[in-house]
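Participant: These two chains come separately, so use the hints to put the complex back together.
Chains as they are written, first to last, in numbering that gives the first Met the number 0: chain V, 0 to 136; chain H, 0 to 757.
The set of hints was computed from the structure by calculation and includes no laboratory data. The beta carbon of each residue, even a glycine, is placed where N, CA and C say it ideally should be. Hints may contain errors.
Restricting the straight-line Cα-Cα distance to at most 30 Å, the calculated cross-link-like pairs of lysine-lysine (DSS-like) are [to be verified]:
1) V/K6 / H/K653
2) H/K91 / H/K145
3) H/K352 / H/K91
4) V/K6 / H/K745
5) V/K59 / H/K745
6) H/K430 / H/K91
7) H/K430 / H/K352
8) V/K6 / V/K59
9) H/K653 / V/K59
10) H/K653 / H/K745
Facing chain V, from chain H, some residues (calculated, C-beta under 10 Å) [as the list claims (entries may be wrong)]:
11) P630
12) T635
13) L642
14) V650
15) K653
16) A708
17) N712
18) V719
19) D720
20) L727
21) S734
22) L744
23) R747
Pairwise CB distance ranges (calculated) [stated by the list, open to error]:
24) V/W96 / H/L685: 40 to 48 Å
25) V/V71 / H/T525: 49 to 57 Å
26) H/L743 / V/V71: 17 to 25 Å
27) V/M106 / H/V665: 56 to 64 Å
28) V/K6 / H/V666: 37 to 45 Å
29) V/K6 / H/A750: 31 to 39 Å
30) H/L746 / V/M106: 43 to 51 Å
31) V/P70 / H/A182: 47 to 55 Å
Below are the chains, spelled out letter by letter.
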Amino acid sequence: MKSIILKAAAGFLLPLLLLFSLFLLLRGHYLPGGGFVGGLVASIAFVLHAFAGGMKKGQKYFPFHPGFLMPVGLLLAFLSALLPMVTGDGAFMTGLWYPHPVPVIGMLGTALFFDLGVYLLVVGVTLTIIFTIVEAA
Amino acid sequence: MLSVLCACVIAALGLPVLVPRLPAAWRPSLAILPLGSFVYFLLTPISESQLLLTELPPVHLWLKLDGLSRLFALLITGIGTLVYAYSGYYLKNHEGQGRFYGFISLFMGAMLGLVLANDLYFLFICWELTSISSFFLIGLNQQEAKARSAALQALTVTGLGGLALLGGAVILQIHTGTTQIDALAARMPADFSVGITAALLLVWAAAFTKSAQFPFHFWLPGAMAAPTPISTYLHSATMVKAGVYLLFRLSAAFAAHPWWTPVLTTVGAVTMLYAALHALFRHDMKSILAYTTIAALGILVFFIGWASPLSMQAALLFVLVHALYKAALFLITGAVDHATHTRNVLRLHGLRKQLPALAVAGGLAALLNGGFPPFLGFIGKDLMYEALLHEHAVIGVPLLLVVNVALLYAGLQVGYRPFAGSAMPEGEVSKVSFWLWLPPLLLAVLGLLFGFLPQMPNALIAAAHVAVGSSGFAPLQLWHGFNEVLAWSLATLLAGVLFFRFWPMNRERLGWTEKVEMFSPAALFTWLASSLQLFARRYTSFFQHGYLRYYVMTVVAVLIGGISLLLFDDFAFKGSFEPLLELTFYELGTLAMLLAGLVFVVFTPSRLAAVAGLGVMGFAICLLFVFYSAPDLAITQFAIDTLTVILFVLVLYKLPRYIRVSSMAVVLRDGVVSLVFGGLIALLALQVIHQPLQRSVSTFYAAQSYVAAKGKNVVNVILVDFRGADTLVEITVLSIAALGVYGLLKLRLRAEERRNRA
Chain V
0 MKSIILKAAA
10 GFLLPLLLLF
20 SLFLLLRGHY
30 LPGGGFVGGL
40 VASIAFVLHA
50 FAGGMKKGQK
60 YFPFHPGFLM
70 PVGLLLAFLS
80 ALLPMVTGDG
90 AFMTGLWYPH
100 PVPVIGMLGT
110 ALFFDLGVYL
120 LVVGVTLTII
130 FTIVEAA
Chain H
0 MLSVLCACVI
10 AALGLPVLVP
20 RLPAAWRPSL
30 AILPLGSFVY
40 FLLTPISESQ
50 LLLTELPPVH
60 LWLKLDGLSR
70 LFALLITGIG
80 TLVYAYSGYY
90 LKNHEGQGRF
100 YGFISLFMGA
110 MLGLVLANDL
120 YFLFICWELT
130 SISSFFLIGL
140 NQQEAKARSA
150 ALQALTVTGL
160 GGLALLGGAV
170 ILQIHTGTTQ
180 IDALAARMPA
190 DFSVGITAAL
200 LLVWAAAFTK
210 SAQFPFHFWL
220 PGAMAAPTPI
230 STYLHSATMV
240 KAGVYLLFRL
250 SAAFAAHPWW
260 TPVLTTVGAV
270 TMLYAALHAL
280 FRHDMKSILA
290 YTTIAALGIL
300 VFFIGWASPL
310 SMQAALLFVL
320 VHALYKAALF
330 LITGAVDHAT
340 HTRNVLRLHG
350 LRKQLPALAV
360 AGGLAALLNG
370 GFPPFLGFIG
380 KDLMYEALLH
390 EHAVIGVPLL
400 LVVNVALLYA
410 GLQVGYRPFA
420 GSAMPEGEVS
430 KVSFWLWLPP
440 LLLAVLGLLF
450 GFLPQMPNAL
460 IAAAHVAVGS
470 SGFAPLQLWH
480 GFNEVLAWSL
490 ATLLAGVLFF
500 RFWPMNRERL
510 GWTEKVEMFS
520 PAALFTWLAS
530 SLQLFARRYT
540 SFFQHGYLRY
550 YVMTVVAVLI
560 GGISLLLFDD
570 FAFKGSFEPL
580 LELTFYELGT
590 LAMLLAGLVF
600 VVFTPSRLAA
610 VAGLGVMGFA
620 ICLLFVFYSA
630 PDLAITQFAI
640 DTLTVILFVL
650 VLYKLPRYIR
660 VSSMAVVLRD
670 GVVSLVFGGL
680 IALLALQVIH
690 QPLQRSVSTF
700 YAAQSYVAAK
710 GKNVVNVILV
720 DFRGADTLVE
730 ITVLSIAALG
740 VYGLLKLRLR
750 AEERRNRA
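Extracted from the complex, chain H is given alone in its bound form (with noise of 0.2 Å):
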C-alpha cells in the first residue's frame, strides 16, 4: 500500500517535467498509475489487522485496508483510470497539461492515503493535501479571475473544515488516548462528555465543508470552473466523498451519540432538497451536475444520519451508483462540450447522429441515474425506500421522492435531452476521439451489468457494510417481489418521466434564482470575506496609521494608565523633601544645568539648537551619575550622548528651516502628556526608594567577582562572564537592528537613484 502512495508522490514530482515532453498520442496511456493501483487494490485481500509501517510521532503511519478503505480506492482508482486515459485527449493542447498531471497525481494519493490512514493525524494530512492539490486543479486555468476566485473560494471553505478536522483530532486524541481510528469506537467513553460532542462538531464542520453540505455547498459550483476531467475526478467520485468517508469511517464510533441522528438527517435532508431543486433552474451542464452532486451527498449524509444497518447499505450502495453514472454525465459534458463548444442544454440537440457512441453513453447514464430497472441504481433507489419504510416513513418518504423525481429530471437534462430532438447544423459538431467517448460508456455499461448481476458488487458493499461497524447485511437483488417499495420506486419513474416530458427547460428558469441570489450562503460568504477585509483594512489603518508622534503618544498613554492603576491603587507617599535640604551646590548647579537645557529645548526656534541642548542635558545627567558613584554607566551615557548629537546635527544640518506648525491646542496637550507621565515616574521613582531592597544578587555579584570570574569590575564582570550569554544575544540584536538601519535606508536610496537616472 504504501508503495502505491509512493508512485502516485513520484508520479507528481515527476509529469509535470514529463508529460510536456511526451507525444501526445501517448498521454493517455499514463493511466497506467491508477490502473496499476486499481488492479492492486481488487486483488488485496481485505486486511483486518493494521499495517504498522513506521512511526514518525505524532503522527503514526498506520495503513489500513478495510471493506470501507477498498470501496473508496476502487473508485479513486478506477475513475482516475478514466478520468488519466479521457485527460490525455481532453486537454492535448492545453499549456497546463503537465502540472494537470501532476497535481492529479498528487490528489490520487492524498484521497488514497485518506481512506487507507487509520492513524487520526495522517488522514488530516492527507485531507489538507486533498484541499490544496484541489486548489490548483480548480485553479489549472490560471489566467481567468474567476477560476482563480472559484479556487481560493474552495481552498477557504475546505481549509477551514481542515482546521476543524485538526482540533477535532486533538480533542479526540485527549478524551480517548488514541489516535488510532479503528480503536476509536472501543475507547469512546460511554457518555459522550462535552469534550467529545466537541470533537463531532469539529469533525462535522470538516465533512460538511468538504462534502459541501448545506450552508457550505457553495463552493463546489464556483469549482465548475475547472477542466471537466477535473470537475468529474474531485467533484463526482472522490474529494466531496471525503466528507462522506469521514462519517462513514466515525460513524462506529459515534452514531450513539444522541445528536448523530438529528443533525445529520436535518443536514441532509435540506442539502438535497435545496440542492435538487437548484439543479432543475439551471441550464449550464455542469451546473446541473454541480447541484445534483450536492444533492446526492445530501443524500448521503442523510443515509448515514439514520445510523441503522439497512440505511448504511443503502448509503454505501449509493456512493457506488453515484460515483457510476456522475463520472459518467460529467465525462459525457467534457465530451459535448469538446465537440459543440458549449454546454448549455437550451442550445444542444441531437447529436445522436453525429455523436451516437456518446447518446448510448448519456441514455445508459440517464437512465442509471434515475434509477430505472434493470440497472444498479434500481437496486440502489429501492434501498433507499426499503430503509426509509422500515422506520422513518412519515417525512422521509416523501421527502425522498420529490428529491429523486429532481434528479431524475436533471439526469435526463444531461443524459438525454443534448441528444434528442432534429440534428444540429454540420458545422456546429465536431467528432470526438473514442477517448472521449469510452470512459462515459464504460461506466455506464457498468452500471448497467451490476444490475443485472447484483452479486458482483455485492461482495465489496457487503465487505464495506462490515467496516462501518453495521451488521444484517441483505444480498443485493434487482427483484424484490411486488411491494410498497416497488410502488414508489415505480412512482418516482413515473413522475420524473412525465416532469421532464411536460414542463421543458426554458431560459427564463435561471432568473428565478438570481432574484433569491443576494441572500444564498454564496453572497453571504463573500459578503464575509470582503467584510472581514475591510475591518481588517480600517483596523490596521487606525492603529498604524504611521505617525510617530501618536505611537509615542499611544505608549506613553498606556504607560500612564497602567502605572496610575498600580501606583494608586493603594497609595500612601512614601517619599520625603527632607533630603532636598542636603542637596550640595555642585548638584544643585548639576540641576539648574539639567533645568535649563528642558527649557532650552522646549521653547527654542532652531532644531539644532535644541539637539544641544538635549546634549547638554545628557551631560548633566551623566554628571549625576559619577555623583552617585556610577562610574560605568556615565561613561556610557557620555559616550551614547555624543553620538546621538553628531548624528542629530549630521542629519538635521540638511533639513529645511524648522518651522512651528502645531497649534496652540496641540502643543499645550503635548505638554499636558508630558509633564503628566514625567511627574507619574518622579513619583515612581521617590515610592521605589523606600520600598525594602532584595541586596542577595548583588552581594553575591560583588563577591564572586574577583574569586570566580578573576575581575574587580562588577558591572563589567556581569556583562562579559556572569550574564554573558545575555550579552551575546544582546549583540546579536544589536547588529540585527543595523542591518535592519541599513537595508530600509540602503533600498530607498537604491529606489531613488535609479529615479534619478531615470
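The following block holds chain V by itself, in its conformation from the complex (with noise of 0.2 Å):
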C-alpha cells in the first residue's frame, strides 16, 4: 500500500482533520458537532496517516501511548461534573458558565469541560482499539 498521493495528501490532511475536530468540538453546543464526533475525527486524522505512512511513523506522533487519553479524558469529564458540588454552586452535573463570551471559543462551562473529556477518550479508546488490532494482525 504504497502510494504517494496519499502519502503527500495524509501529511497535509493531519493537521487540517484535528483543526476540523477541535471545530467541531467546539460548535458543538450551538450546532451539529461534539466532543463525541470531534474525537472521532481526531482519531481518523491520526488513523489516516498512520495508513499512509505505516504504522510504525503513525505512532510516532504521540510520545506516550495513547491508551493514557483514556484515564486523562475520564478523570476530566468526571472533574467537571463535580466541580459544582466541591464549589457548592449545585448537584453533580450541574452546569456551570462563565458569564462573559470568550473570543474564539465563545461560552465557556463545565459543560465544554465535560466534552472535551469526552474527546480525549475518544480518541484515546479508538487509537488504542485500531493500533492494537493492527499490530495483532
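Facilitator: The structure is reproduced here in C-alpha cells:
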C-alpha cells in the first residue's frame, strides 16, 4: 500500500483534520458536532496518517501510548461534573458558566470541559483499539 | 467468652508462623490455649441471661453459656487440650505442623462460637467456619490426591448443609421475627405452618450432613485420610457433633412438630444400624472407628427424636461417654500407627508387651465403649434402655441391642485385639513417647472415675438437660437394682463378648461390602458429581461453541421469534405505500446506491471489495440521515464508517486470499435468515411509524435546552448536560472495552513473541 498521493495528502490532512475536529468540538453546543464526533474525526486523522505512512510513523506522533488519553479524558469529564459540588453551586453535573463570551471558544462552561473529556477519551479508545488490532493482525 | 474466641483467632493467625520456629519438644505445651479455655468454662457459672456484646446487623453477636453450651464447650476444649499436646509430638516431623495448629485453633474457635452462639446467623457463620477449617485439616497431607478429594467431598457435603442452614435461619427469622435462638421456642407459632416446616427440613439437612446421617454419612470415612489427631478431634468429639448440637439446641422449639419424632427416629435408626453393621466388616482401625462414630451419631439422633426427658438425658450422657471413649480409641489408633506403621487389625497382635501403657488405655477404652460396669458407659447404656423401655420397647430395644453389640465388637477390635495374643517381632514395634499414651489413658481413666462417682458429671448433664428444655432429670446412678434394664444391659455385654470370641475378623469379610459398593451413597454422590460436571461441559460446549456465525444466528433467530410473537399477536398492517410516490430523485438515487452496495457486498469474491461496498452503504445511510434532518447522527455515522473501513482494510490486507467455502445450502440458509430478519425489522419500522408518538420528553428538552443549559444543539446538550451522567458511564464502559481489546490482543502477542523467540 504505497501510494505517493495518499502519503503526500495525509501529511496535509493531519493538521487540517485535527483542526476540523477541534472545530466540531467547540461548535457542538450550538450546531451539529460535539466531543464524540470530534474525537472520532481526530482519530481518523491519526489513523489515516498511519495508514499512509506506516504504523510506526503514525504512532510516533504520540510520545506516550494513546491509551493514556482514556484516563485523562475520563478524569476531566468526571471532575467537570464534580466541580459544582466542590464549589457548592449545585448537585452533580450542574452546568456552571463563565458569564462573558471568550474569543474563538465562545461561552465557557463545565459542559465544554465535559465534552473535551469525551473527546480525549474517544481518541484514546479508538486509537488503542485500532493500533492494537492492527499490530495483532 | 469473647476473649476466648479472640484468643483462638489470634492463635489461628499466629501459630502457623510461630510453630516451625518452636523447638519440637516445646510444641505440646501449646495445649495451654485449650487448657486455659477449659478451665475458664469449668469455672464460669452458667449464665441464663445472655451477654449482648456488640451488634453488627444483621448478625447480632449474642453469646450465651447455658448447660448445653457448657457441656459441649468443655468437650471441645478438654479433648482439644489432649489433641494439642498429642499432636505436638505426633506431627513433629510433619511439614504441615504449623498449618495444623493454625487451622485447628481456627476450628476450635469456630466450634466454641457455634456452641456459644445465641443468634442464628452467628451460629451459621461459625458453622461454615468449621466446615472450611475442617476442609484444610482433612487435606493436611496436601500432596496426597486421596486426602484432597476426601477434603473436597467433606466440604461439598457439609457446605451444602451450611447453605440449607442459612435458608432455614432466614425462614425462621421471617416466621418468628427473631434470630435469637433462646427466644425461638416462645415465638414459635402453635400451628406449624408450611414455612416453619420448610425451615425444619432445612435445619435437618444441615444437621444430617454435618453429623453424617444416612445417606450423607459417606464423607466421614473418607475424612479419615486426615492425620489421626485431626480425626480424633473433628470426627469424634466435635465437628460431627455440631449437627447433634443443633438438634439439641432447637429441640425446645421444634420437638412439638408432628414430623420431629418420626423423621429423626427413622433417620437415626437407619444410620445407626447401617453404620454399626458396616463397622463389623472393616479391619482398618480408623475405618472401624469412623463407622462406629456414624453409628453413635445415629444413636444420638435417634434419642433426640424421641424427645422425652429420659431420652434427652440418655442422649446428653451419651455425648459425654462417646467423646471420652471415641477420642481415646482414636488416639490409641494413632499411637499404634506411629509405633507399627499399620492400622490393620489383622496384622496387629500382642502389642501389650511393647506398649503396656497404651494397652491399659486400650483395654479401659474398649470396656468404656462396651458399657461394662463400673464404667460411665454402663450408666449411659442403662439410661438408653430405660428410656426405650418406658415408651417404645417393641422396636427400639431389639434395635438398640443389635447396634450396641456391634459397637462393643468394634470397640474390642480396636481397643483389645491389637494388644492381645502373641507378641509381634521386636523390630516392627518402636517405642512411643508418653505424649502418645498419656492422653488416651487419661480419657479412659476419666470414664472409669465418672462411673464410680456419677455425681461428678451429674451436675453437668443436669444443667444441659435443663437447657434443652426438658424437666424431670433423674440423677445418674451406677446401680439401679435388679430390673429389666439390667437384664438387657447384661444381655448386650454377653452377646458382644461371645460374638467377639466366636466370630473372629478375617480378610474375606471386607470383600462382602465391596460387592454392594456401587449402590452405596458415596458411589451415588460421586456419580452425581461427575455427571453434573459432564452436563456442565456439554452444556457449555453446546452454547459456547466458539463460532461467531452461529452466535449471530442464535441472536437473530431469538429476535425473529420474539418480535414475530409480539408483532403478529394482533396484527393489522398500518403502513401504506403511498409515500413511495413522493420520493424525490435524490432520495431514489441514494436508495439505488444503497441497494447496489448491498448486492455488491453479497456477491463480490474479494474481501476488500466487500468492505468498500459496506462503506458505500454506510455513506448512503449517512445521506439519508442528512435528508431527514439528523445532522449529528449523520456526521457520527460518517466518522464511524470511515474508521471501520480503514480498520478493515488494515486488517484484511494481511489475511490470505478469500476462498468461498460455504456450500450452496449454507448460503441459502444464511440468505433466508437475513431476509426474514430484515423484512421483519422493516415491517416493524413501518408499524411503529403509525403508533401515536409521545412528544412530552422531546418538547421538554427542546424548550429547556437554551434556557437551562445554554446550548442550542439539543442532541449535544442532552449528551453533555441533561443525560450527562449517562454519558459519563458510557465513556467509562468504552474505556473498559478498549482495555479489554488491548489486554486480549496484547496477551496473545506476548505469548506469540515468546514462542517465536524459543
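Participant: State for each hint whether it applies.
Facilitator: Comparing the hints with the structure gives:
1. V/K6 / H/K653: holds (20 Å)
2. H/K91 / H/K145: holds (22 Å)
3. H/K352 / H/K91: The hint holds at about 26 Å.
4. V/K6 / H/K745: holds (29 Å)
5. V/K59 / H/K745: At roughly 19 Å apart (the allowed maximum being 30 Å), H/K745 and V/K59 satisfy the hint.
6. H/K430 / H/K91: holds (16 Å)
7. H/K430 / H/K352: Given that 30 Å is the threshold and the Cα spacing comes to 11 Å, the pair holds.
8. V/K6 / V/K59: Satisfied, since the Cα-Cα distance of roughly 16 Å is no more than 30 Å.
9. H/K653 / V/K59: holds (22 Å)
10. H/K653 / H/K745: Judged against 30 Å, a Cα distance of about 18 Å means the pair holds.
11. P630: holds (4 Å)
12. T635: Holds. Min distance 5 Å.
13. L642: Result: holds, 6 Å to nearest chain V Cβ.
14. V650: holds (4 Å)
15. K653: holds (5 Å)
16. A708: With Cβ-Cβ at 6 Å, under 10 Å, it holds.
17. N712: holds (6 Å)
18. V719: holds (5 Å)
19. D720: holds (5 Å)
20. L727: This interface hint holds because 6 Å falls under the 10 Å limit.
21. S734: holds (4 Å)
22. L744: With a minimum Cβ separation of about 4 Å from chain V (threshold 10 Å), the hint on H/L744 holds.
23. R747: Result: holds, 7 Å to nearest chain V Cβ.
24. V/W96 / H/L685: 40 to 48 Å: Given a distance of about 44 Å, which is inside 40 to 48 Å, the answer is holds.
25. V/V71 / H/T525: 49 to 57 Å: Holds: the Cβ-Cβ distance is about 56 Å, inside 49 to 57 Å.
26. H/L743 / V/V71: 17 to 25 Å: holds (23 Å)
27. V/M106 / H/V665: 56 to 64 Å: holds (58 Å)
28. V/K6 / H/V666: 37 to 45 Å: holds (40 Å)
29. V/K6 / H/A750: 31 to 39 Å: holds (34 Å)
30. H/L746 / V/M106: 43 to 51 Å: Cβ of H/L746 to Cβ of V/M106: about 46 Å, so the range 43 to 51 Å holds.
31. V/P70 / H/A182: 47 to 55 Å: 54 Å Cβ-Cβ, so the 47 to 55 Å window holds.
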